[in-house]
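J.: Chain by chain, the residues:
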Amino acid sequence: MLSIKNLHAKIEDREILRGLDLEVKAGEIHAIMGPNGSGKSTLAHILAGREGYAVTNGSVTYLGKDLLTMPPEERAREGLFLAFQYPVEIPGVNNVYLLKAAYNAIRKHRGEEELDAVDFLALVRARMQLIEMDADMLSRAVNEGFSGGEKKRNEILQMLVLEPKLALLDETDSGLDIDALKVVAKGINKLRSPERAVLMITHYQRLLDYIAPDFVHVLAGGRILKSGDGNLALELERRGYDWILAEAAV
Amino acid sequence: MNAVSAAIRPYAEGFKSLEPVLTRSAPAWLTALRREAFARFANHGFPGEREEDWKYTSTRPLEKRGFVPSLIAPGTIDVDAIEPAFLREIPAHTLVFINGQHAPALDTAGSDIAGLRIASLGKALQQAADKLQAYFAPASAWSDDPFTALNTAFLRDGAVIEIDDGMRLEQPLQLIFLSTKQAQPGACHPRILVRLGRHAHATLLETYHGLEAAANLTNGYAQIHLGENAQLEHLRVQRESAQDFHVNRVRVTQQHGSRYVSHTLNLGGLWVRTDLNTRLEAPEAEAVFNGLYWTDQGRHVDNHTRIDHLAPRTRSDELYRGIIGGHSHAVFNGKVVVAKHAMKTDAAQINNNLLLSRQAEIDTKPELEIYADDVQCSHGASIGQLDEQALFYLRSRGLDPETARGLLIDAFAHAVLDRIATPALQTFARRQLAAVMGAS
Ligand SMILES: Nc1ncnc2c1ncn2[C@@H]1O[C@H](COP(=O)(O)OP(=O)(O)OP(=O)(O)O)[C@@H](O)[C@H]1O
Ligand SMILES: [Mg+2]
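So the sequence lines, in the order shown, correspond to chains A and B. The letter at position 155 of the first sequence is residue 155 when you use our numbering, and the numbering goes up by one with no holes. Remember, our numbering sits 1000 above the position in the second sequence when you count from 1.
Looking at chain A on its own, in the form it has when it is part of the complex (with noise of 0.2 Å):
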C-alpha cells in the first residue's frame, strides 16, 4: 500500500530525513516511535503533502503512484488521512460544515452521490456516539476552542467519517486522559480492516496495550533505525533509546 525508499527530505536547508525507508501492507498496523526532533511529524507531513519540505531523495509509493507528485486534496480523496499532531484552529468555518464537504469531496472523486444532509448526519451521530463525543461539537468552529483532547477526538471523528484507507496518526494519544485513550483506541480499532492499514506514531507504549501494532519501528536521525514486533515497544518503555542510537553507531 504504501512503499518509501530512501527517503531524504531537507526544511530550510537541514535534512531532517536521512534515507527512511518502510512498507506498509494493506490490514497492517504500523507504530513509530523515537526521540523528540527525530522527523516523525516530518514524515508525516510529507506524506499528507504539506509545502515547504524539499524532498532530495528517494521515493514515495502510494497504491501504486507516485504520492509525492499529488497534491494533498488528490492524496486526502485517495484514502490518506492524516491525524494531526497539533490540529488547527479555523475560526469561522463550522465543523460539520467542513466534514461533509470532505465526505462529499472523496465521494465525488469516486464517482459515488453526494450523501444528502439528513443522512450525513445520522453517519456522523453514529460515529460520535462511538467516540463518546458530545454533539454540540458539531455546531462549534473546527477545533476553535477545544481543549487539547477534544482536538485529538476530532481528528479520530474525521477519520471514522472518512474511512481512509491509510491513515496516519501523529501522536493522537498524547494530552488524552486514560478514559480517552480507551474510546479513541475503540475508535481506531473499529476502523481495522484487512483493506486499511494503519500508521501511528507515538510516545508511549500504552496506547499500544489497546492496539495492537503487527510492526514497531524506531525513527531516529531521520532514518528507521530498527524494527520489530509488539515487544521492541516494551523493550523501549523499559531501556529507552540510547541503546538503539548505539547500535546504530557501531
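Derived by calculation from the structure, the hints in this document are not laboratory data. The structure presented is a predicted model; accordingly, all values stated were derived computationally and were not measured. Ideal Cβ positions, reconstructed from N, Cα and C, are used throughout, including at glycine. One thing to keep in mind: the hints can contain errors.
What the hints assert, rightly or not - Per the computed footprint, the stretches of chain A lying under chain B, defined by three or more beta-carbons under 8 Å from a beta-carbon of chain B, are: (1) 68 to 74; (2) 90 to 101; (3) 123 to 131; (4) 242 to 248.
To be verified - One-sided excerpt, in silico: chain B residues whose CB lies under 8 Å from chain A: (5) Asp1165; (6) Arg1395; (7) Ser1396; (8) Ala1411; (9) Phe1412.
Based on the hints, put chain B with the ligands in the right spot on chain A.
T.: Below, chain B with the ligands alone, put in the same frame as chain A:
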C-alpha cells in the same frame, strides 16, 4: 487655466445649465442654499492629498473624469439586471432611483402605515419644500467638505423618511440607487433625510447597484437623526460596477438612549470613499459600526469613520474588516473622540485586514482622542494573509485549494455579517457577498 479650475469646470458648467431647471419651482432659501454651496465647492476645490483626511486617497482619478450632471433616467431598464438589488427575503417598502432620480415605476410600496412618511426628496421638495427647510438649517459640521457642498449644490432628489414617536416598523425600508450607462458618464448627488422620533424603531437598507459599463459618480449624503431611545439598523450595500465612482457620507446625530447600528458593505466600484460619522449627544446613546470592504483588481476603497462621544455613559463598538486582493488599495481610518465631559464612555474599535495578494495594499489608521477621565477605550488593527496551516488542513481533508480559500475568506467576512441582527438583512448581505466573490 490652473489645475483646480479645470477640475471644477465641468461642475460649474453643469450647475449653470441645471440651475434654471432647479430654481423654477424652488423657494428662495433653497436657491440660495444651492448657490452658496456651489460657491463653497468652487472656492475649495477637490480635497488635496495634503489634507489629513485625504492622505491615502487621491481625488485625481475622479477629477479627470469631468462628470456631467446625470439628467435623464433612461426609459427602459433591464429588469433582470437590477433584480439582485432588491430585498426579496421579506416585503419591504422600496424606493428606486436611476442615476439619482426617482423612478416610481420600479418602487414596491409596502402597506400604508400611519406614523411613517417615506417619499422621494424630489417630490417632497415640489410639494412642500418649506417643511424640509429645518433639515438644512443647522450649519453642517461638514460645511468644509467639498463633496457635501457639491451634494447640496445639486440637491434635487433622494429620500425623506420620517418616523413618528413610538412607531415600531416591522417592514424594512429600502432605497435602491441604480447606476446605469449614460451617453456621457454622469454625476448624481442623492440626499437622504432620516428622522426617527422618540422610541421609534426601524430598519433601513440602502443598495447602490451598478449595471455593467456604467461609469458614473454617485455622491450621496445622508443625515440621520435618532430621537430619545430610537433604534435604527442601517445596512448599506455598495456594489456598483468596477468603473463607477462612489462617494458617500452618512452623518448621524443621536439622542439619549438611542441605538444606531450601521453595516457598511463595500463590494464594488472603481473608486470609493465613504465617511460615516455619528455624534452621541446625550447619555446612554450607543453606536455600532460594522464594515466589510472587499476589493480586487485595481479598485480603491476608502472608509473613514468617526464617533464623537459627547455625553457620559455613551458606548460605541466598531468592527471593520477588509479583504484586499489584486493590486487594489484599501484605506481604513477610524476616529473616536471622547469629549471632556463624556465620562464612563465605552469605546472599542477593531480593524482586521486580509491581504490576498502581494500587490494589494492597505492603509489602516485608528485615531483615538480622549479628553475625559474614567473611560474604557480600546482599539486594534491587524493585517494578515490567509492562514497557510489552515489551508493545508482543509486540503488534507480533500477540499480543493479554491474551495479551501473561499471557505477561509468567507469565515473572515462572516464575522462581520453575523452582526446583522435582522435575519432577512443578514441573508441579503450574504447573498450580495457571495455574488461578488463568486464572480471574481
Ligand atoms: N519549519 C521548520 N524550520 C526549521 N526546522 C524545522 C521546521 N519544522 C521542523 N523542524 C525541525 O525538524 C526536526 C524534526 O521535527 P519533527 O516535528 O518531525 O519531529 P518529531 O519527531 O515529530 O518530534 P516530536 O516527537 O517532538 O513530535 C526538528 O528538529 C524540528 O525542529
Ligand atoms: Mg511530532
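J.: Now, for every hint given, state plainly whether the structure supports it.
T.: Here is what the structure says about each hint:
no., hint, in the structure
1, 68 to 74, "holds (count 3)"
2, 90 to 101, "holds (count 6)"
3, 123 to 131, "violated (count 0)"
4, 242 to 248, "violated (count 0)"
5, Asp1165, "violated, 40 Å"
6, Arg1395, "holds, 4 Å"
7, Ser1396, "holds, 5 Å"
8, Ala1411, "holds, 3 Å"
9, Phe1412, "holds, 7 Å"
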